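Number of protein chains: 4
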Amino acid sequence: MKEFNVALIGYNFMGKVHSYAMNNVSFFFDNTVKITKKVIVGRTEHLVKQAAETYGWEAYATDWRQVIERADIDIVIVATPTASHMEIAVTAVKAGKHVLCEKPLGLNADQAKEMLDAAKRAQVVHMLGHNYRRVPAVSLMRKLIEEGKLGDIYHFRGVYLQDWLTDPSFPVNWKLKKEVSGSGPHGDLNSHLIDLARFLIGEIDRVVGMKKTFIKKRPKVTTPQSLSSNLHASSDAERWDEVTVEDANHFLAEFKCGAMGTFESSRLASGRKNHEGIEINGSKGSMVFNFERMNELHYWSKDDAVDVQGFRTILVTEDVHPYIQHWWPPGHIIGYQNTFVNQFADFIQAIVTGEEASPNFYDGWQGNKVLDAVTRSVHTLTWENVE
Amino acid sequence: MKEFNVALIGYNFMGKVHSYAMNNVSFFFDNTVKITKKVIVGRTEHLVKQAAETYGWEAYATDWRQVIERADIDIVIVATPTASHMEIAVTAVKAGKHVLCEKPLGLNADQAKEMLDAAKRAQVVHMLGHNYRRVPAVSLMRKLIEEGKLGDIYHFRGVYLQDWLTDPSFPVNWKLKKEVSGSGPHGDLNSHLIDLARFLIGEIDRVVGMKKTFIKKRPKVTTPQSLSSNLHASSDAERWDEVTVEDANHFLAEFKCGAMGTFESSRLASGRKNHEGIEINGSKGSMVFNFERMNELHYWSKDDAVDVQGFRTILVTEDVHPYIQHWWPPGHIIGYQNTFVNQFADFIQAIVTGEEASPNFYDGWQGNKVLDAVTRSVHTLTWENVE
Amino acid sequence: MKEFNVALIGYNFMGKVHSYAMNNVSFFFDNTVKITKKVIVGRTEHLVKQAAETYGWEAYATDWRQVIERADIDIVIVATPTASHMEIAVTAVKAGKHVLCEKPLGLNADQAKEMLDAAKRAQVVHMLGHNYRRVPAVSLMRKLIEEGKLGDIYHFRGVYLQDWLTDPSFPVNWKLKKEVSGSGPHGDLNSHLIDLARFLIGEIDRVVGMKKTFIKKRPKVTTPQSLSSNLHASSDAERWDEVTVEDANHFLAEFKCGAMGTFESSRLASGRKNHEGIEINGSKGSMVFNFERMNELHYWSKDDAVDVQGFRTILVTEDVHPYIQHWWPPGHIIGYQNTFVNQFADFIQAIVTGEEASPNFYDGWQGNKVLDAVTRSVHTLTWENVE
Amino acid sequence: MKEFNVALIGYNFMGKVHSYAMNNVSFFFDNTVKITKKVIVGRTEHLVKQAAETYGWEAYATDWRQVIERADIDIVIVATPTASHMEIAVTAVKAGKHVLCEKPLGLNADQAKEMLDAAKRAQVVHMLGHNYRRVPAVSLMRKLIEEGKLGDIYHFRGVYLQDWLTDPSFPVNWKLKKEVSGSGPHGDLNSHLIDLARFLIGEIDRVVGMKKTFIKKRPKVTTPQSLSSNLHASSDAERWDEVTVEDANHFLAEFKCGAMGTFESSRLASGRKNHEGIEINGSKGSMVFNFERMNELHYWSKDDAVDVQGFRTILVTEDVHPYIQHWWPPGHIIGYQNTFVNQFADFIQAIVTGEEASPNFYDGWQGNKVLDAVTRSVHTLTWENVE
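Residue numbers (the working numbering), protein chains in the order written: chain Z, 1 to 387; chain H, 1 to 387; chain U, 1 to 387; chain S, 1 to 387.
None of these hints come from the bench; they were simulated from the model.
Do not rely on the hints blindly, as some may be mistaken.
Using 30 Å as the maximum straight-line C-alpha spacing, the simulated DSSO-like pairs for lysine-lysine come out as follows [what the hints assert, rightly or not]:
| id | chain 1 | residue 1 | chain 2 | residue 2 |
| --- | --- | --- | --- | --- |
| 1 | S | K284 | Z | K273 |
| 2 | S | K38 | H | K34 |
| 3 | U | K113 | H | K302 |
| 4 | Z | K175 | Z | K212 |
| 5 | Z | K273 | U | K273 |
| 6 | S | K143 | S | K175 |
| 7 | U | K113 | U | K177 |
| 8 | S | K178 | S | K94 |
| 9 | H | K216 | H | K175 |
| 10 | U | K113 | U | K212 |
| 11 | U | K273 | Z | K149 |
| 12 | U | K302 | H | K273 |
Stretches of chain H that chain S covers, calculated by requiring three or more beta carbons in the stretch to come under 8 Å of a beta carbon on chain S [to be verified]:
| id | stretch |
| --- | --- |
| 13 | 67-76 |
| 14 | 329-336 |
The structure displayed is predicted, hence computed values, not measured ones.
The beta-carbon is built from N, C-alpha and C at its ideal position, and this holds for glycine as well.
Can you make the complete structure from the sequences, with help from the hints?
Have a look at this one:
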């Protein structure tokens, strides 16, 4: 029986889903592994206390440094806003912990490089939380592309569209403040697309992008206290807060393999909820994926007889498909949460075998480089190399 | 140059689309054929006169018997309500005319048999207007099934759903009167499904059905005069008319090949406009078609590698697909009207070559037999053989 | 803290997913409830032992009677083949246990009635495992129909299609033996459709059906020993086993509300994996659902302006949708397993509040009546009342 | 009876579909208009002769100048490669003919401006052949956007994908030679997207683009003579021809209204045949269209109740929808060719009423400006204003 004690830094959405993954990984993957949810960490005591109870953690804490120092912690999961990734992750790897860090890795490539270097020096397992690589349909795409099913790659087009900011009364939270999140959908959503692009067809050479903040002011987040004071607020400054990140960020790209790429991310795409869509066209075939139908992969093959060529809707729920032998019979589809179980299983597998995790901090560094190049291009108004 | 003079009996929806077909057949199929739209026939003079002008007929007439007697008419198209099909078609074939008759062929199998016998005796070309056989995707289904792509056939499921009767104020027209139309969606829509079933997988052995009229009374058709008199109508009988056909008719079937079948037709299926949907499951594959996306055929093949099996959406617009070489380049989809041009081209081809048309009055007779057996079963409440 | 100790009878597919549900219910629904997975029961010791380890049960056992007698068991889950449901469930309710039983409830309506009567006498909570009621999209259908969104119901059409028997070398397991399973897809799949039909639009009045076994002999299940003896088998009887249930079972139905229904179930529908599809048409709207895209509900409303009417694809992942507040943010879809967590949460809720569970053994009895009537009709070849 | 005599310059694909439109416009739209197909013009006599016969032209000619001089010609349709548009169209308008010119209008904005100026001076009706404006679903989009259904527009994304160049043995035709076509998919496909973008949400301010030729050499077009000489060809130059246009061209855009745009065109998108796809996101709703399902419009509205929001698939075949009253009953879908009939009907309508056609040469000029700005940006590697 292999046993691992985990500390989780962060307790919101990502905290919930990582807790879920830990609860279920041995059930589905390997019942010789025992994961103990030791301690969950957050700055606001009453909230992290409640999370600890709901999600079943042995303990909670408010000081992540103390937790990382504990000798009984094997694994640290960093699920905080981006601005604190580097400090926490570097401290954790220096303490010899294996680290699974949420994306994007750093606020920029320099931070990411520092994290990578620290992790390498510490010789721990480091992983980046791009859970979408663990969608069975996405893993299948990778496998088919590696088998040459698409031939030479000509086009990659990715869109990651959400609409939670279309309501102008949605208040400013940390995701809308640059000093905490680094950027808007660029770091939040484009980072996923970039990771999938790299995973599926390789590195990006150069980019040119644009971004825009359509709704520049939003209500301040209201706490019970602020709410009552807001009622009497006399100035705009007290009621309104500035949005300091973009609402949407698009870019063109050229890949090392020669392919042309387009990337779009937005939080203002009405009706699109978590629409992470990818299309890849190659000389021998094409593939289309959309997370909102994550159990399906659309695949067109030139190898089919001409009269029956067409995009196939592969229901990726067969035993032969990646990860599915751990789940349910054909046609019994899985959901978002399963990708985190798959991810955690792979993370544990890397720790047990000593192999590199994928994606890891190197991938995070490469991803940050692309994000940075796009951001530079928005200012220089010209193409920027990824370097 | 082959020349054919046509008389068209009927001038409503079917009159319009047959006229269209004649106008365009030589353009797309064979410019050595000249079709002359000699005379269009209807009972209401001012309406048929207007149709003649709009659709470009040389003349119009109100007496179909006189028209059929004319020596210069080669082809008669019967596009009248079902109750008059037999009389007109038998007269026409006896006069040596080639006949294209709308579906269902007769009010019942006896009528259809009489029509078939007359046509055979007259040695003319006889065709039945099941235009949906001429949808390229449907023709492709037939071809693939003949090639054995589906293996043994287990299931046929057909639905033909419309919703034009969901509005209870829709008035009683001829389609809602049994003495004129014979039946409701059974003859109108199930006849199409039955023809496609026979075309694709063969004869039906036995059936059991049910039917229902949900909305039993509807407003009388209002003419300008009736409208004003209706305002003063004192009795229900003057304002309301009885619906004497069913709103929906479903049945189970067993095919000669052993397959199980389900058939559904309704005019009360909200949101379904002309939803003629078919699914066939066989030991080696499946196919799905829906007229509202008539340019697409969905095909699943067991021959595909297991990890990439899936329903393909074949866009049936390639040169290698049936009829398409006459139309447009790939991806430039065709519409409802094209099926009538394809049909008329095949009809002319049969006349020119002397080969049998398909479907012909024999098919109409078989179709009427199935319709009759379902109707008997509705009354006997038990399975009825198709005989 | 409410605490419940559970015994699970059965350890295969259903055993796995019920175990999963128990593991996760407090995490997602109510962390004041503690579920203890006390003992899992099966006849084959080495297999149930392994299941106990994989799924995290405190103990395993091979004699369900002894387990049910234990005073520390509060809840019994019956996840065995249908033939043993009655005996186990009746014993369990008599022992005062709350029972969640897999579907169909009994081998026939008489058994189901006995189970219902026993459960009522025992005044325990009894629930039937029709997990598909707990698909958020299905719950939403129910809510919208109750609100009158569909108006008068005209049509219900349900298909439940799988293809795991298309391979003729698939061996005979318990699901293919009538003495164990009672029937083929009729009890297995139609039971689900019937439950959804009753849940959504009410009781069924009369039915007429058909069934068919296309592949009548299949290889015997091979155990390591049987495999070696099979190599030397000299007679067919030793290698082949008879399939004693149907491969497919379809029926027509009339509902108490007047609606017409069609039901189809098959295990020979190539390409269909767990395709549980439902369409309901009413005077004011229509709805379409398919389990393989279980996060989506298609809804057409006559209330929309005429120029923008159309089937909406509702992504049922919003906080306002049933169950979703317990799961993830919009667009982060859920899977098959979630329906069992929802179901178990509702079961526990019923136990805690003392309210009736839904569906319960009464629903199971009604469902068995419909199944029985269809089976009678297959033999009498005529319509049979559900009674 | 209004009568118009037409000369058509060009006889290939566009020649065929324009001929079709003229044949059918009075049938569907206005039987008081008589269109006479006077003369079809092409440089290769035996081919244009054959086209004249197939498409039913009174005469053919090889010298377009002589034809334009004829007093009996009212309308000239320019359906030649782009390089000759200006000369033919300017000559025609100077001769007082109404002109319908294929897209893109000129090789560049300067040419387009000259054409516009000449047409305005001549006071004739001038129209540009962007037939996709006449897809009923696209017209409906425009109407709904004008009604404010989408609110403020945030995003426009257009892709126009084909795959006829994925076969490397496809030979070099005029569309692959810059001196004849001006560009590849940029002028051919992006011009359509740009026109739709302008039609739907207004002018484009600035752009940055990229283009690529993946397959740089292709076989020479083989004529019977060249074929035999090719067999003995000793040099590459004799067998291979250089592709002088791009295979794909993408760009980012900012609209005057503030919206962000992405545009992609490719002839190397395997499996995409004529995939012209558009998505527009606004503050109150979104719309999605794809030509390969041209009878459908997907529309999401924030005005719907929250629990039933979803993308509606509007089947644009109702009488209330643009153009449909001229066509078929609900659910009887139309095809590519219908857009040309709609277009020609509008063109004739403009001539009869003296109103401006839409789109006209002004639109063509604006479109050419955008194309030019993208082309400049490909060379300058920076954003270029549309001016």
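Hint check results:
Of the supplied pair hints, the one linking S/K284 and Z/K273 holds, its CA atoms being roughly 15 Å apart against a limit of 30 Å. Between S/K38 and H/K34 the CA atoms are separated by roughly 19 Å; this keeps the pair inside 30 Å, and the hint holds. Distance restraint check for U/K113 and H/K302: the Cα-Cα separation of roughly 43 Å exceeds the 30 Å cut-off, and the hinted pair is therefore not satisfied. The straight-line distance between the Cα atoms of Z/K175 and Z/K212 is roughly 15 Å, inside the 30 Å bound, and the hint therefore holds.
Distance check on the hinted pair: Z/K273 and U/K273 sit about 27 Å apart at the alpha-carbon level, within 30 Å; holds. For the proposed pair S/K143 and S/K175, the alpha carbon gap of about 34 Å is over 30 Å, so the pair is violated. Simply put, U/K113 and U/K177 have alpha-carbon atoms about 23 Å apart, close enough for the 30 Å limit, and the pair holds. Taking the CA atoms of S/K178 and S/K94, the gap is about 28 Å. The hint holds against a cut of 30 Å.
Distance check on the hinted pair: H/K216 and H/K175 sit about 14 Å apart at the alpha-carbon level, within 30 Å; holds. With a CA separation close to 28 Å, the supplied pair U/K113 and U/K212 stays within the 30 Å bound. Only pairs whose Cα atoms come within 30 Å are accepted, and U/K273 paired with Z/K149 is accepted, the gap being roughly 25 Å. Proposed proximity of U/K302 and H/K273 is supported: the alpha carbons are some 13 Å apart, at most 30 Å.
Counting residues of the stretch 67-76 of chain H whose beta carbon lies closer than 8 Å to any beta carbon of chain S gives 0, which falls short of the minimum of three for the stated coverage. Look at the stretch 329-336 of chain H against chain S: 8 of its residues bring a Cβ nearer than 8 Å to a Cβ of that chain, three or more, so the hint holds.
The earlier numbered hints that this structure contradicts are 3, 6, 13.
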